[in-house]
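*Asks:* So you can see what is in the structure, the chains are spelled out below.
2 protein chains.
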Amino acid sequence: MRVRNKPWAPEKIAAYPQYIVSNPDEWKGKWTDRFKRKQPLHIEIGTGKGQFITEMAKAHPDINYVGVELQTNVIVLALEKLIEEDLPNLQLLHVNGEELTAFFLPNEVDQIYLNFSDPWPKTRHEKRRLTYRSFLETYQTILRENGEIHFKTDNQKLFEYSLGSFSQYGLILKQVWLDLHQSEFVGNIMTEYEEKFSSRGQRIYRVEAYFPCTK
Amino acid sequence: MRVRNKPWAPEKIAAYPQYIVSNPDEWKGKWTDRFKRKQPLHIEIGTGKGQFITEMAKAHPDINYVGVELQTNVIVLALEKLIEEDLPNLQLLHVNGEELTAFFLPNEVDQIYLNFSDPWPKTRHEKRRLTYRSFLETYQTILRENGEIHFKTDNQKLFEYSLGSFSQYGLILKQVWLDLHQSEFVGNIMTEYEEKFSSRGQRIYRVEAYFPCTK
Chain A
41 MRVRNKPWAP EKIAAYPQYI VSNPDEWKGK WTDRFKRKQP LHIEIGTGKG QFITEMAKAH
101 PDINYVGVEL QTNVIVLALE KLIEEDLPNL QLLHVNGEEL TAFFLPNEVD QIYLNFSDPW
161 PKTRHEKRRL TYRSFLETYQ TILRENGEIH FKTDNQKLFE YSLGSFSQYG LILKQVWLDL
221 HQSEFVGNIM TEYEEKFSSR GQRIYRVEAY FPCTK
Chain B
41 MRVRNKPWAP EKIAAYPQYI VSNPDEWKGK WTDRFKRKQP LHIEIGTGKG QFITEMAKAH
101 PDINYVGVEL QTNVIVLALE KLIEEDLPNL QLLHVNGEEL TAFFLPNEVD QIYLNFSDPW
161 PKTRHEKRRL TYRSFLETYQ TILRENGEIH FKTDNQKLFE YSLGSFSQYG LILKQVWLDL
221 HQSEFVGNIM TEYEEKFSSR GQRIYRVEAY FPCTK
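As they're listed, the protein sequences go chains A and B. Per this note's numbering, residue 41 is the first one in the first sequence, and the count goes up by one each step. Per this note's numbering, residue 41 is the first one in the second sequence, and the count goes up by one each step.
Check each hint, because a few of them may be wrong.
Because identical chains share one entry, a pair is satisfied inside a single copy or across any pair of copies.
Each computed EDC-like pair below joins lysine to aspartate or glutamate, with the alpha-carbon atoms no more than 20 Å apart [claimed, not checked]:
| # | residue 1 | residue 2 |
| --- | --- | --- |
| 1 | LYS162 | ASP219 |
| 2 | LYS162 | GLU224 |
| 3 | LYS214 | GLU248 |
| 4 | LYS197 | GLU224 |
| 5 | LYS214 | GLU166 |
| 6 | LYS98 | GLU125 |
Derived by calculation from the structure, the hints in this document are not laboratory data.
Whole structure, please, built from the sequences with the hints as guidance.
*Replies:* Quick look at the structure:
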């Protein structure tokens, strides 16, 4: 996502340590302490401007959410939403998705969301896709047994690639949607990007997959 | 497929025992004897009017093909194509796909094609879909280790269902195409149905999947 530089972003992030984690290794294995209640932990990798995770947190007060985003100029917009809503079950984590094992203990996470990840269409950039096997290894490590990945995208090639990558890594596809907005799926919460592109008639693809018990 | 009744079909089928097998249990484990050459065996379940399997046999003389079709009024049209072409590497089998283990030995088949199978959209008819788990069990039995299933359809719901069914059964998705005719796939051979529906702008979905070595 290309966004305008916001020189004020780092200062703002530093001013709200109760919402956004900047020293995340301190919290490894202790995420529960940052929430009001001990309940399942779902994380979104690449939270962007935060509409999805904020709305999810409002819709599901019985789940704790962490939105992970590397880009300072983007996560600060998610932070602004969180400040306004003051949700007890949402936290933000300002790091690179690649480094998740430094911030979560094995089995600490119950579910992972990937929404409209960068497709990195060139073959030589395959390793950067968030559904490449090295990322799946990371997700498997931090997810509990039978933990699920819920992935949606409007990018056909990325979805084709990801179904293969998931399956070849050993994930089981629980359910696939090839046109989410025309389906019977209930409770879909749209990202900013999803609102924009689906209104232009773009199909949205979705898959739920899980790691079988092999740990 | 709904087709006109052809009272002459049974007689025609009986007249060409060199092309179409009517006593298939005799040939279990001996399919190679019905072909000129000993080479890999690929079968199509639901061969219909036979355009796909006939063209495949012409394009790949190094592979032996068997087209399996239950409907007498349909397979007779595939037979007519075969009579005209007189292909040494194509045979027809006039039986129900459910009963394949009665006609092929374990590991006798190298690859299975499913093309535009009946979607049986009602949930109560799930068991009739050719990608339902009981059929997958049959395919696994007759396929060799790492044997592949190549499935294509224009039916979105059937494709969604089948990806899940394959994965949950333990098949690994090798590659997925969500719009075959707009893809870089080379060598696609169309069925009669595919020609008709893709010319109307219908997307064609395709997947290649294999059973990992677990026998």
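*Asks:* Does each hint hold? Answer for all of them.
*Replies:* Hint-by-hint comparison with the structure:
no.: 1; hint: LYS162 <-> ASP219; result: between (25 Å within a copy, 19 Å between copies)
no.: 2; hint: LYS162 <-> GLU224; result: between (34 Å within a copy, 15 Å between copies)
no.: 3; hint: LYS214 <-> GLU248; result: both (5 Å within a copy, 18 Å between copies)
no.: 4; hint: LYS197 <-> GLU224; result: between (24 Å within a copy, 11 Å between copies)
no.: 5; hint: LYS214 <-> GLU166; result: between (24 Å within a copy, 16 Å between copies)
no.: 6; hint: LYS98 <-> GLU125; result: within (9 Å within a copy, 66 Å between copies)
Checked against the numbered hints above, the structure violates none of them.
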